[in-house]
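Visitor: Spelled out, the chains give:
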Amino acid sequence: MSGVQFTRRAAGFMAFAAASALALSACGPSATPQGSEGAGELSSEPVTLTMTWWGNDTRQANTQKIIDAFEKAHPNINIEPSYSDWAGYWDKLATETAANNTPDIIQMDALYLSTYADRGALLDLSSLGDALNTSDLPQAAVDSGKVGDSLYAVSAGLTAYSLVANTSIFQQAGVELPDDKTWTWKDFAEITKKISDSGAGKYYGASAYGFEDGALRMWARQNGDQLFDKDGKVVIKQETVKSWWDELKKLTETGSVAPASTTIEKQSGGLSESLSATNQAALGFWWNGQLTALSKASGQDLKLLRVPESSGGKYWYKPSMFWSASSRTQHKAEAALFLDFLVNSQEAADIQLTERGVPANEKIRTAITPKLSETDKAVVAFLDDLSGDVGEAEPVTPPGGSAIEALLKKYTEQVLFDQVSTDKAAEGFIKDLSSEIQN
Amino acid sequence: MVSSAIKHAALILAGLIMLYPVLWLVVSSLRPTDEIFRDPGLVIRSTEFSNYADGWNTLSSPFTVFLINSSLVVLGCILGNLFSCSLAAYAFARLDFAGKKWWFAIMLITIMLPIHVVIVPQYILFSQLGWVNTFVPLILPKVLATDAFFIFLMVQFIRGIPRELDEAARIDGCGQGRIFAQVILPLMVPALATTAVFTFIWTWNDFFSQLLYLTKPEMYTVPLALRAFMDAQSSTSWGPMFAMSVVSLIPIFLVFLFGQRFLIKGIATTGGK
Amino acid sequence: MSALGELHSLTKREKGQPKVKVKHRHNKAAYLFLLPWFLGLGIITIGPMISSLILSFTKYNLLQAPKFIGFDNYIRMLSDESLHQSLGVTFLYVFVSVPVQLGMALALALLLDRGVRGLAFYRSVFYLPSLLGSSVAIAVLWKQVFGTEGLVNQFLAMFGIAGQGWISSPQTALGTLIILNVWTFGAPMVIFLAGLRQIPTMYYEAASTDGASKFRQFRTITLPLLTPIIFFNLVLQIIHAFQSFTQAFIVSGGSGGPAESTLFYTLYLYIRGFSNFDMGYASAMAWVLLLIIGAFTAINFWASKHWVFYDD
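Protein chains in written order, with our numbering: chain X, 1 to 439; chain U, 440 to 712; chain Y, 713 to 1024.
Please keep in mind that the hints were generated in silico from the structure rather than gathered at the bench.
Among the hints, a few may not be true.
As the list claims (entries may be wrong) - Straight-line alpha carbon distances no greater than 20 Å define the calculated PhoX-like cross-link-like pairs of lysine-lysine that follow:
| hint | chain 1 | residue 1 | chain 2 | residue 2 |
| --- | --- | --- | --- | --- |
| 1 | X | K146 | X | K230 |
| 2 | U | K540 | Y | K735 |
| 3 | U | K540 | Y | K926 |
| 4 | Y | K740 | U | K539 |
| 5 | Y | K926 | U | K446 |
From a predicted model like this one, the values you see are computed outputs, not experimental measurements.
Extracted from the complex, chain X is given alone in its bound form (with noise of 0.2 Å):
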């Protein structure tokens, strides 16, 4: 064999790998046909369902008990789990979804849902019928899982945007607990600095807003405006996030939130390390389900409270994850069957309780609430509570819109350390996100 022949053999099979390669990269899962009406009959074979989810030990041990229970019940239907950490698990399911392997089912969350529906990656569950049954849901977290007319997602829990207060500082400080169905940002403002003027510099009134879209998705309902609107378009008035962040940065220099830089450190250590959990916040914006986890890490006796100037309609539950099956699961009624079980069992509500959010099933949540941990039952009563003020469900988050966070991220720092007018901030946000959705 002369060198020759073989750089040539060698080139012919390079091209033959780049070419199918590329075939393969070409082959998305565009428009799969759904099949026909119903899931199907369940198979007395055994059958092997996919299932991802992002979380940590707890969950993951959790939803371990709830396979063994499933598959106890459904001995030839086997389930085959994979968990990451959140960043991870959408780089995991991009690529897997590129190559067609996306798993059966999967853990998905409101940012990400209509990039995935949309796309032609997930089965549209209204297509099975009584398999999956959502009655027990109120129809706002049933519709908070559609993309158009089409169900994508069920909901797995509910949550909603909060305060959470550390009452032992307010205590220190000598600051009664606001009122909060009636109290407004001014008296938020004027709360916070005396807090934080009592904590001089060992903690703070608040924890800065700015970092996830719950805050300002509040901000725009109160200011009569709307993030998104129903077909998908960026809607919000560059008025309406100028004002926000003009907000934050007087409640950051008045010393009502901590300084710019602690702000941003705090923040990008996730909860463990926010100011609410090591105490030296008074104040903190979470999601409501996030309580447990924050009293747990802070060793304090946390409360939740409204936002500011919040009543009438200004509320709005978000579902803190879903559901979904793959488009192109061979095993649409397995598939059915787990999700039911997943949804509507009280065997799989009573190992799980409300890890994955308070349940949107009113029946089980009823009958969990008595075995809950003090603060979860105050996550249930919130959300209880919450009922009469609930207005309108946000419109689905539009595909490409998962970029939120890490823009809102960039300009409020930004905001913060004084690089941008918050003029010039609202503008970029809108042409930015705009310009990532239509991506």
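Fit chains U and Y to the known structure of chain X by using the hints.
Guide: Frame of chain X, contents of chains U and Y only:
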């Protein structure tokens, strides 16, 4: 005498400063999770080994499983790299063949593209071959010398070996295979040891490709298991995570401590007669 | 150079001996030695590389088939401010951290080469940070040093200086990452150590009998014979620094913050490709990076003719 004491004092001081984060990690692994961030510094109030027990047992498999999986992957990668990179390096360093410069340039170019854009096509390739959820996609690339870093490293070492040594072997009638195996390989032990140590450490810490290719928890490796303690939205089990980080550091530290013996060998002791 | 020159004339082949000049005399053997590498190139490396090149001319969101859009991705790069920011960050990082890290690694390798008791232990201790460098725990650990309540600020407080959050301030965040990179100098140090050990002792013995001073031995033996390894470290560290990802990803929580001050090129590429489902654009970014790194590497190789000394 005095200068040696100063030298040691300086080394120890520098070592302590450099090691502060490592010490903090060890100390924190002995604290209850909720105290780690409320109470920073190096003072331990109460020593708790429960993080180690928890970390070892709370995931779907005992931590031993992850350690074994990582060891298997690491072992495969080390053998693969030693075998294939040394062969390729010998060709590049000592043999005269058509298009050598071009092939060498292509080899370097292959490591200039960030992994994030080639990993998806690569994943699709391996998944079509049915190799997802096996260790093959992690080990096979090493057996096929895709780690150009080590080829280049070995090339530089081989070029540092005086040519007179292989000339002598050639005069004795050795073919290229024997020159490689009997003359060059023994002389490049430091480079081989470096390759082995680095492959160990980099594979042991590698997260992204292991994340993508390993799906079943019983196939998980140490980096995947460590992330399984984390959830930024809810609570991260820092205590067990730190404890298992310490556990996972021990093998690499030991490998380095004992492996460096081989780094020190080489011409200094075996060659230059 | 004379001492070294003398040494060489001792060992080099005699001037008169004719050099065999047959073109490509080892073709067959070479291809056999390179067989695994060729297979790897053909099966694993080239295909995905070419795929990514072709994808760079498409709009590809990972979930749907790619759409051909010509040079749009490349044109978009011209007006992408985040991309320009990331280039600035990356160049600054490469130009500061590579020389500092290599200098530190070489100095410690020389110090830890011989002549100090307990070498094995010191070497391992100095290597320990490199073992931790890409661990998930590093984000937390680095805050213990450079955070508002970290070691640096505690130290400054002893002198009554009020520190700041070094990681969370846009002016200093990149600096802390450069220090983090320098802190993990273990890899090049080990390569230097191995290189030092490969220098034949006979050179030093001969030089000693000539009465050459330690410094002179360093300058005329150690340094020239180490140049291939210095060159290797320089080339590879530059390539690595341009692709720097993990540490910035972990320390900034994946965002390149605060305010994009640690937005490395590869980190931004990853964010575009995976977080924003913009793999076509990410691929275009990757090929631009390849050109940049390729240019630097080519310059390096060209310059190496003037300072790197090979014994062959």
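Visitor: Does each hint hold? Answer for all of them.
Guide: Structure-based check of each hint:
{"no.": "1", "hint": "X/K146 - X/K230", "result": "holds (11 Å)"}
{"no.": "2", "hint": "U/K540 - Y/K735", "result": "holds (14 Å)"}
{"no.": "3", "hint": "U/K540 - Y/K926", "result": "violated (38 Å)"}
{"no.": "4", "hint": "Y/K740 - U/K539", "result": "holds (13 Å)"}
{"no.": "5", "hint": "Y/K926 - U/K446", "result": "holds (18 Å)"}
The structure shown violates just one earlier hint, number 3.
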